[in-house]
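These protein sequence lines are chains A and B, in that order.
For the first sequence, the numbering used here begins at 1 and goes up steadily by one.
For the second sequence, the numbering used here begins at 1 and goes up steadily by one.
Keep in mind that the hints were calculated from the coordinates and are not lab data.
Fair warning: there could be bad hints in the mix.
[Stated by the list, open to error] Computed spacing ranges between beta-carbons, pair by pair:
#1 A/SER66 to B/VAL173: 25 to 31 Å
#2 A/GLY51 to B/SER161: 49 to 55 Å
#3 A/VAL73 to B/ARG105: 28 to 34 Å
#4 B/GLU120 to A/ILE9: 31 to 37 Å
#5 A/ARG12 to B/SER151: 21 to 27 Å
#6 B/SER77 to A/GLY37: 35 to 41 Å
#7 A/VAL31 to B/SER182: 33 to 39 Å
#8 B/GLY70 to A/VAL73: 19 to 25 Å
Where a beta carbon is used, it is the ideal one built from N, C-alpha and C, also for glycine.
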Amino acid sequence: MRLPETRDIIVRRMEFPVSCEEAKEEIGDVVIESPSGYEETVSDALERCGGDSFETADELYDMMVSGLSEEFVGRKGYDDRGPNPMDDREVSF
Amino acid sequence: MDVTLVSGVPGVGTSSVAAEAARMLDEHRLFNFGDVMLEQARAHGLAESRDKLSDLSVREQETLQGYAAGYVRDEASDGPVVVNTRFVVRTSQGYLPGLPNPVLREMAPSKLVLVDAEPETVAERREEETYRDYPETMETEVRFHQRLERSAAFVYSSRSSATVHHVANEGTVEEAAEKLASVVEG
Chain A
1 MRLPETRDII
11 VRRMEFPVSC
21 EEAKEEIGDV
31 VIESPSGYEE
41 TVSDALERCG
51 GDSFETADEL
61 YDMMVSGLSE
71 EFVGRKGYDD
81 RGPNPMDDRE
91 VSF
Chain B
1 MDVTLVSGVP
11 GVGTSSVAAE
21 AARMLDEHRL
31 FNFGDVMLEQ
41 ARAHGLAESR
51 DKLSDLSVRE
61 QETLQGYAAG
71 YVRDEASDGP
81 VVVNTRFVVR
91 TSQGYLPGLP
101 NPVLREMAPS
111 KLVLVDAEPE
121 TVAERREEET
131 YRDYPETMET
141 EVRFHQRLER
151 SAAFVYSSRS
161 SATVHHVANE
171 GTVEEAAEKL
181 ASVVEG
């Protein structure tokens with residue numbers, strides 16, 4: 001699933017505060033897909049959280065975001081999926 | 001499509017109320033508009049964290065809003081959704097509409113819900129919050145932002161035919177969440 005879809009899973013399955021290990025146990029096997037199609041699990045994203053605990057869903061979500069691999073982070077002005085939507089010349093509303 | 005948009009000024013407790021309401025709702029899935037914007041901002045190397053989104057140019061923010069709206073539309077085609085968003089966004093360049101016309105049209109909401117509390121309550125919550133950094137906690141700023149949010153809600157209503165609903169979050173989160181869940185299902 002895409003990363004924003006995990007928000008619903010977090011708020012439904014987790015009781016806060018929650019430890020990093022508890023979070024991994026509960027939702028660690030959820031697979032997150034990057035916009036370019038790369039996949040990794042919530043456990044992978046939470047690998048570095050160690051003994052941390054989270055008071056809110058926002059804290060847990062932001063830790064997941066920061067723990068995702070470089071595959072989820074692009075270069076400014078570059079898009080390998082075709083026309084670049086961040087290019088002003090290509091975008092209209 | 002069944003799309004309910006929920007908003008409130010920073011610190012009023014919108015995220016907590018929306019999360020609690022989501023647990024009370026069986027069919028509706030909860031999304032956070034900022035999550036989608038952040039995902040896309042990272043994918044395009046524009047911002048690494050949520051706090052950095054507000055520093056992006058107006059043009060970049062509008063583009064990210066457009067992405068997020070398309071994402072919500074796609075998800076809403078699979079079932080009813082509740083979206084935690086901001087009717088008015090405070091950026092480093094000033095206040096901006098959270099739902100410019102193309103974004104509003106794309107999501108086609110049926111309900112607009114404002115989570116609200118007294119400015120004094122919001123200011124107190126901001127000061128108690130340790131995780132998020134709020135730019136200001138003055139009641140006058142909170143009051144001004146709340147007025148913009150209320151005005152924006154009615155403007156969006158007039159442009160989309162969505163109904164506007166008020167959820168007070170002065171008591172417990174559960175009480176406010178029950179009211180929100182009732183609005184969403186009503």
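Hints and how they fare:
One distance hint, 25 to 31 Å for the beta-carbon pair A/SER66 and B/VAL173, holds here, with the actual separation near 26 Å. Between A/GLY51 and B/SER161 the C-beta distance comes to about 51 Å, which sits within the given range of 49 to 55 Å. About 31 Å separates the C-beta atoms of A/VAL73 and B/ARG105, a value consistent with the hinted range of 28 to 34 Å. A C-beta distance of roughly 35 Å is found between B/GLU120 and A/ILE9, which places it inside the suggested range of 31 to 37 Å.
Distance hint check: the CB atoms of A/ARG12 and B/SER151 are about 33 Å apart, inconsistent with the given range 21 to 27 Å. The given range of 35 to 41 Å is broken by B/SER77 and A/GLY37, whose C-beta atoms sit roughly 21 Å from each other. Our hint of 33 to 39 Å for A/VAL31 and B/SER182 holds, since their Cβ atoms are close to 34 Å apart. At about 21 Å, the beta-carbon gap between B/GLY70 and A/VAL73 stays in the expected band of 19 to 25 Å.
Hint compliance for this structure: hints 5 and 6 are not met, and every other hint is.
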